[in-house]
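**Q** Here are the chains, one letter per residue:
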Amino acid sequence: MPIAYIPRTRELYSSYEPYRWMVNESVPWTPLRRPLAQSRLAMMSSGGILYRDQPRFHREDASYRRIPKSARRDELSVWHFGYPTADASRDPNCVFPLERLREFERERIIGELCDPALSFMGGIYSARKVRDELAPQIAAELKAAHAEAFLLVPA
Amino acid sequence: MVEAAGIPTLTMTSALDITRAVKPPRAVFVNFPLGHQTGKPDDRGLQRAILRDALGAFESIDAPGTIVELPYQWDTTDNSWEERDYRPGFMARQPSREEADRIEAERRARFAAG
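First to last, the protein sequences are chains S and U. Numbering-wise (the working numbering), the first sequence opens with residue 1 and increments by one. Numbering-wise (the working numbering), the second sequence opens with residue 1001 and increments by one.
Think of the hints as simulated: they come from the structure by calculation, not from any bench. Don't be surprised by glycine CBs; every beta carbon is placed ideally from N, CA and C. Honestly, I wouldn't trust all of these hints.
Said to hold, decoys possible - Computed list of lysine-lysine pairs in DSSO-like fashion (alpha-carbon distance at most 27 angstroms, straight line):
1. K129(S) with K1023(U)
2. K143(S) with K129(S)
3. K69(S) with K143(S)
4. K69(S) with K1040(U)
5. K1023(U) with K143(S)
As the list claims (entries may be wrong) - For each label pair, taking beta carbons as the anchor points, the in silico distance ranges come out as:
6. M1(S) with R1110(U): 38 to 44 angstroms
7. Q1073(U) with F81(S): 37 to 43 angstroms
8. P31(S) with E1106(U): 43 to 49 angstroms
9. R1097(U) with M1(S): 35 to 41 angstroms
10. R66(S) with R1102(U): 34 to 40 angstroms
11. R1093(U) with A140(S): 36 to 42 angstroms
Just need the whole structure built from these sequences, with the hints factored in.
**A** Below, the structure is given as structure tokens:
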């Protein structure tokens, strides 16, 4: 049975006021214009990925990091307080599949991987911060990169 | 906001109930523990398979709010991780502020030097 995360979050944070989850009634929709094999794909992970000496995240941090598409595994590290990061630290592809997407680009499964890839630390309790601070900057990054499709990987 | 800017999105998830509440345009569910949405460490074959299936859903989903559930199993003989995960005490001990600062300083020094 898949884990019911909403009740378990209440259990984990039982000393706090119950978290009010974002509940959306309507769903935005933009169709994919061309097959992925011809599209420019952007990727973002909420796994708290850092490139080289980029500053680490902190709690309630709605900033993001730009990770060069060419980054090697040994140039990446992980900072996140909300999930066990040992596996992602050893192999970031568990939550930030940069190497796999580079392979898919070479194999023409995707048209092109946008540069840079993006990462933030998903332990942000404020939906307002995500909506008003983080999301507009990400949308601007994607437009600047001429992204035609966007893959989001949580952690 | 990204869809409104004209860019179609697909999100992976391992939290079905949260994703049902949030209703992203396209979602792909893999029932793996947190921190493994695109597979297990150093298992390139599994990572590729999950990611290929996820990207396939990008093209196959044609109704807003669809969640595609992939059949991957974390452990085919033992589901007990579902009981343990994301419960009080499931995280390893967090480093103290001093330890965290030291780890951070070492990381930055390593790359600043090289």
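**Q** Look at each hint and say if it fits the structure.
**A** The hints, checked one at a time:
Between K129(S) and K1023(U) the CA atoms are separated by roughly 19 angstroms; this keeps the pair inside 27 angstroms, and the hint holds. Distance restraint check for K143(S) and K129(S): the Cα-Cα separation of roughly 21 angstroms lies within the 27 angstroms cut-off, and the hinted pair is therefore satisfied. Our distance criterion of 27 angstroms between C-alpha atoms is met by K69(S) and K143(S), whose separation comes to about 17 angstroms. Our distance criterion of 27 angstroms between C-alpha atoms is met by K69(S) and K1040(U), whose separation comes to about 21 angstroms.
For a cut-off of 27 angstroms, the pair hint linking K1023(U) to K143(S) stands: about 23 angstroms separates their Cα positions. As the Cβ distance of M1(S) to R1110(U) is approximately 43 angstroms, the hint placing it in 38 to 44 angstroms holds. Taken as a hint, the range 37 to 43 angstroms is violated for the pair Q1073(U) and F81(S), whose Cβ atoms sit roughly 28 angstroms apart. At roughly 47 angstroms, the beta carbons of P31(S) and E1106(U) sit within the given window of 43 to 49 angstroms.
Checking the proposed 35 to 41 angstroms range against R1097(U) and M1(S) shows it holds: the Cβ atoms sit about 38 angstroms from each other. At about 26 angstroms, the CB distance of R66(S) to R1102(U) disagrees with the hint of 34 to 40 angstroms. Here the CB-CB span from R1093(U) to A140(S) is close to 39 angstroms, well matched to the stated 36 to 42 angstroms.
Consistency with the previously given hints fails for numbers 7, 10, ordered from lowest to highest.
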